[in-house]
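Q: Heads up: the protein sequence lines correspond to chains A and B, in order. FYI, the numbering for the first sequence is 308 to 409, going by our numbering. FYI, the numbering for the second sequence is 9 to 165, going by our numbering.
I should point out that these hints are in silico values taken from the structure, not numbers from a laboratory. Accuracy of the hints is not assured; some may be wrong.
Covered stretches of chain A (chain B as the covering partner; in silico rule of three or more C-beta atoms under 8 Å from a C-beta of chain B) [as the list claims (entries may be wrong)]:
{"#": "1", "segment": "342-354"}
{"#": "2", "segment": "366-373"}
{"#": "3", "segment": "392-402"}
Heads up, incomplete: computed chain B residues facing chain A, CB under 10 Å, no partners named [stated by the list, open to error]:
{"#": "4", "residue": "E26"}
{"#": "5", "residue": "A78"}
{"#": "6", "residue": "K85"}
{"#": "7", "residue": "I105"}
{"#": "8", "residue": "Q121"}
{"#": "9", "residue": "V130"}
From the three backbone atoms N, C-alpha and C, an ideal C-beta is built for every residue, glycine too.
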Amino acid sequence: MYLPSAAAKQEINAAVSEVVRLLDPDVVHIRYDIGRDWSGDQAIFFRVLLSDEASRTRLRDVTTQVVWRLAERLDFPSMGLFPYHNFRNVSEQDVLREEAWA
Amino acid sequence: MPFPDDLLDQAYDLAHKEPTDPKQASLRRAVSTAYYALFHLLIDEAVSKWAVERQRSILARTFEHGKMKAICDDVLKTVKSGGSVLPELNTVAHNFIQLQQHRHAADYDNSRQWSRTDVLNVLALATDAITAWRAIRMQDAAQDYLLQLFLPRLPKQ
Chain A
308 MYLPSAAAKQ EINAAVSEVV RLLDPDVVHI RYDIGRDWSG DQAIFFRVLL
358 SDEASRTRLR DVTTQVVWRL AERLDFPSMG LFPYHNFRNV SEQDVLREEA
408 WA
Chain B
9 MPFPDDLLDQ AYDLAHKEPT DPKQASLRRA VSTAYYALFH LLIDEAVSKW
59 AVERQRSILA RTFEHGKMKA ICDDVLKTVK SGGSVLPELN TVAHNFIQLQ
109 QHRHAADYDN SRQWSRTDVL NVLALATDAI TAWRAIRMQD AAQDYLLQLF
159 LPRLPKQ
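Let the hints inform the model, and build the full structure from the sequences given.
A: Below, the structure written as structure tokens:
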């Protein structure tokens, strides 16, 4: 399994923080894990928590912004990672209460 | 209405089936159905080129998810390296890979909880990919892509 170097993690964390800041208040936070996708390829799985308003009134616009702004800042192919994204809003997380999304 | 459109409609129906407290079963089936809408669209397009109609369903069963992913990945790599790719084809390839992973999680990962927001985003990926495909389906690049889905690793011209 791919284990990102400290520098790579720092780069990912910095990009994530920047995207969250840029898309505030629509994006509340972004969590991620690195692992393998269904076919065994290395992947990074982003979990993006959105505000209720953003998810209800402009979901496609916000999700597209998140995907492309992360891709602008992180060269996933050279990292050997394929990015996947999942989204939920604050109210949904309040109900589902998953630690990985907190 | 073509079968892929029926599947996509069904995916949206499932996503909205329970107005306030969506069941995981409805959300999971919506995700899986959205993937198959795009999957069948591409396969139907590819096998429709085959002249002997009664053989098309046999041909359709030879398409493999893994090979299709690899061809989509090639498209994305071409874009990343500055190669010329129709933006719509990039959308199809990108969204196909995303949908495939989501479908796998929806069908096999029972530890995973889905939200309606997540599912509606997945359905939008399928909708965008289908729209993009229909905008370019008659172009040479789209036809070459279909051929590669069927005969992966075709030498580049």
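Q: Indicate, hint by hint, whether the structure satisfies it.
A: So, going through the hints one by one against the coordinates:
1. Look at the segment 342-354 of chain A against chain B: 4 of its residues bring a Cβ nearer than 8 Å to a Cβ of that chain, three or more, so the hint holds.
2. With a threshold of 8 Å between beta carbons, the proposed coverage of the segment 366-373 of chain A by chain B holds, since 3 of its residues qualify and at least three are required.
3. With 7 residues having a beta carbon nearer than 8 Å to a beta carbon of chain B, the segment 392-402 of chain A meets the requirement of three or more and the stated coverage holds.
4. Hint status for B/E26: violated, given a least beta-carbon distance of 13 Å to chain A, over 10 Å.
5. Taking 10 Å as the C-beta contact cut-off toward chain A, the hint placing B/A78 at the interface holds, the least distance being around 8 Å.
6. The criterion of a C-beta within 10 Å of any C-beta in chain A is met by B/K85, whose closest approach is roughly 7 Å, and the hint holds.
7. A distance limit of 10 Å between C-beta atoms decides the matter here; for B/I105 the minimum to chain A is near 7 Å, and the interface restraint holds.
8. Taking 10 Å as the C-beta contact cut-off toward chain A, the hint placing B/Q121 at the interface holds, the least distance being around 5 Å.
9. The beta carbon of B/V130 comes within 9 Å of a beta carbon in chain A, closer than 10 Å, and the hint placing it at the interface holds.
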